[in-house]
Amino acid sequence: GLRILTRAMAKELAASAHECLFIDFLSEEEPKMVYEALKHPRWIDAKQDELNQFARNKV
261 GLRILTRAMA KELAASAHEC LFIDFLSEEE PKMVYEALKH PRWIDAKQDE
311 LNQFARNKV
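If you're matching positions, the sequence shown starts at 261 in this note's numbering and goes up one per residue.
Don't take every hint at face value.
[Claimed, not checked] Each computed DSSO-like pair below joins lysine-lysine, with the alpha-carbon atoms no more than 30 angstroms apart:
no.	residue 1	residue 2
1	292	307
2	318	307
3	299	318
If you're looking for bench data, these hints aren't it; they were derived computationally from the structure.
Whole structure, please, built from the sequences with the hints as guidance.
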């Protein structure tokens, strides 16, 4: 049947999800060279976001 989610269970699930996200963050290896970064869409998106922020702030 259907299980009831208690507050304690919800806290434990939230903590587990947070741990998973943190481990994923730590597992990302930062590129050492530009050509390595250009192979990863996440790095390209991050740099584009940074450039867009400069444009918005007129820097």
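Hints and how they fare:
Pair hint residue 292 plus residue 307 holds up; C-alpha atoms about 15 angstroms apart against a cutoff of 30 angstroms. Distance hint between residue 318 and residue 307 is fulfilled; the C-alpha atoms sit about 16 angstroms from each other, no more than 30 angstroms. Only pairs whose Cα atoms come within 30 angstroms are accepted, and residue 299 paired with residue 318 is accepted, the gap being roughly 29 angstroms.
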